[in-house]
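For the sequence shown, numbering that gives the first Met the number 0 assigns the number 0 to the initial residue and increments by one for each residue that follows.
Since the hints were derived computationally from the structure, they do not count as laboratory data.
Keep in mind that this is a model prediction, so the values were computed, not measured.
Warning: the hint list may mix true and false statements.
As the list claims (entries may be wrong) - List time: in silico DSS-like cross-link candidates among lysine-lysine, alpha-carbon distance up to 30 Å:
hint : residue 1 : residue 2
1    : Lys67     : Lys81
2    : Lys287    : Lys185
3    : Lys39     : Lys287
4    : Lys192    : Lys71
5    : Lys81     : Lys39
6    : Lys156    : Lys290
7    : Lys156    : Lys185
8    : Lys67     : Lys39
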Amino acid sequence: MLNAEDIAFYRENGYLMVENAVSPEQLARLREITYGLIEKSRAVTESDDVFDLDEGHTAAQPRLTRIKLPHKQDPYYWDVLKNSRMTEVLAALLGPDTMIQTSKLNTKAPGGGAAVEWHQDWAFYPHSNDDMLAFGLMLEDVDEANGPLQVIPGTHKGPVLSHHSADSGVFCGAVDPEDPLFDHEKAVTLTGKAGSMTVHHVRTLHGSAPNLSDRNRLILFYECRAADAWPLVGSASYGKLASGGGQALWDHFADSVITGNMTTEPRAEAVPMRLPLPPAPDAGSIFKTQKSGGARSAFTAREKVGA
């Protein structure tokens, strides 16, 4: 369980590192399942509902950017979130009633696995309040060479920067490197051993550089929220569900409860927000949103060190 100092650090800085977030047995099983999914991707020739393929992907040498919604691909990913130290961290930071927003397993392949440009998760899915965070569970050791997560402390207390293309005006899912409010020099690099976990607030600026090492960088992300944080219209995450009517939304939320209970009383707070509209031509993932939306890279003009 987190202590008072840990919680105070998170509240002040918008991020946290937690060691041994899962047991050795849980970590071993997660890795086994993950490498099994990567093995299955050998038969895939284009991105689909499970795999986002990286450039150069072949049956002989699978290269992925992401395994989509891992908690939907194998129930063990869901079981670990509900029954591990992660569950305790979630309750300490968000309270007793929590839900999953989404999950993803970013699988940066060796030798240049795709970067994730700097962004705030909040820009993708504003809610009625910002009691939301992301866990990043390291399934392999993460060092500065293989594209670690970086965060800019304190940005969770500031504005929501523009994530729209300066050229086309569409939502591109990344901040402009030339934005005067984007202070890359304050970035903190988050490395750790397998089983360690990063935590970052939904409004914390973060990103990650290409994987320049000869090892996979596997980080399992769970994006979670307090049960009384409800999505705003315009968030692409709920577009398809909304078209199915209220019952589809309610069933989705019921299946998303991690701890405690749902509520029909959203909590509204005065928090800054921008809507992710108009959408990028291809919004199938953050990688596609950033590419098709014309995001400007923070890595071509800077040293490629964990941005």
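Hints, verified against the model:
Under the criterion of a C-alpha separation no larger than 30 Å, the hint pairing Lys67 with Lys81 is consistent with the structure, at around 19 Å. Annotation: proposed proximity of Lys287 to Lys185 holds, straight-line Cα distance about 27 Å (limit 30 Å). For the proposed pair Lys39 and Lys287, the alpha carbon gap of about 22 Å is at most 30 Å, so the pair holds. Annotation: proposed proximity of Lys192 to Lys71 holds, straight-line Cα distance about 26 Å (limit 30 Å).
For the given pair, Lys81 sits about 26 Å from Lys39 by alpha-carbon distance, which is consistent with the 30 Å threshold. The suggested pairing of Lys156 with Lys290 holds, with an alpha-carbon distance near 28 Å, which does not exceed 30 Å. Between Lys156 and Lys185 the CA atoms are separated by roughly 15 Å; this keeps the pair inside 30 Å, and the hint holds. Between Lys67 and Lys39 the alpha-carbon distance is near 14 Å, which keeps this suggested pair within the 30 Å criterion.
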